[in-house]
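A.B. asks: Sequence:
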Amino acid sequence: MQMKMKMKVLASLFLSSSVAQASELDDLIASSAAIVDQINTGILMTGAAMGYANTGTGISDGQLAGTAYITTEQVNAYNQALSGMVTYLPYGSAQNYLEEQAAAELELMESAIDDFTTVVVDMLAVQEVAEISAEASTPDEEAAVQEYVTNNTDSLTIDQSDADAYNQSLDSIETHANAAGAYLGVAANADAVAFLDQGAMDNNTRIETNTLSYSASTQAVSLAWTSGNPETSIYVNGSDAFNINLYISHQDILTAGSTSELYLTGPTYLGYECFMTQLNCEETEG
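In the working numbering, the protein residues as written are 37 to 322.
Quick caveat, the hints were computed from the structure, so don't treat them as lab data. None of these values were measured; they are calculated from a predicted model.
Label pairs and their in silico Cβ distance ranges:
{"no.": "1", "residue 1": "N240", "residue 2": "S119", "range": "17 to 27 angstroms"}
{"no.": "2", "residue 1": "N203", "residue 2": "A277", "range": "34 to 44 angstroms"}
{"no.": "3", "residue 1": "S197", "residue 2": "L125", "range": "47 to 57 angstroms"}
The C-beta atom is built at its ideal place from N, Cα and C for all residues, glycine as well.
Kindly produce the complete structure, drawing on both the sequences and the hints.
C.D. replies: This is the structure we're talking about:
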C-alpha cells in the first residue's frame, strides 16, 4: 500500500542520516591512515637509501618510490574527510536517534496492520451474520437466517485462535503507534532534543549506543545510559518543563479513524456485500 511505502522511505532516510554521521569519522580515519601508510613507506625507503647509497651494497629496481606515492585520489579523500568533520557530531544526534527509532516503530506497526487486516478478512463472515440477522424483520426472514446459519455453521464459526490473533494485532498496533508518536513528538521539541544531547555529552557517549524507550505507564520517553547513570526522561503528558502533551481521548482517536482510508474502504463502512463483491454499494454518510 502507498502508506507502507512512505513508511519504508522514511525509515531509509532516517537510517542513512545515522550512517552518514558514523562514516564521517570512519572516512577521516581511513583516508588519513592511507596517507600515513604511504609516508611510512617513503620513510622506510629513504632511510634504507641513505644506508645503501653510502655503502654500495644494494640498489632498487627503480620502481620502489612509486609504491610510496600519495595519489590525487588519496589527497582528495583526506581533504573531503576533513571537511566532513566540520558537521560531525561526536555525541550523535538526539533528533536523529528519535526519528530513527520512530521509523523502526512504524515498520513494526505496519507489520501488525498486515496481521490485523488478514485476520479481519478471515473473520468477516461475522459481519454477514450481523447484517442479515439485523435485517430480518418477519418470521419468514428469520427462518431464512436460521436456515443459512444452520447450513453454513462451519464456515461462519470463529476460531479462538483468530480472535487471539486479532487481539494481539491490536495491542501491537497501539503499542508501536504510540511509541512512534512519542518519539516524533519529542523530536519536534528543540528544548527536549537539546536536553537529551546534553545528556549524551555528560555521559561521554554517542547517544544511539544507549537504550531509548517509551513507557505508557510512566508516560515518558526515556534514555537508559550505558554508563549506569540514572536514565533521562522526557514526559509526554505535559507534566515537565518541556510541556509536551501528546495524549488525546479515545473518542478523538476513533473520530480521526472515521476519516481514514482504512476505514472508508473497509467492510464496516461499506457493508459486507459491497466490500466482498463490489455490488449494492451505496454512498454512505460518515
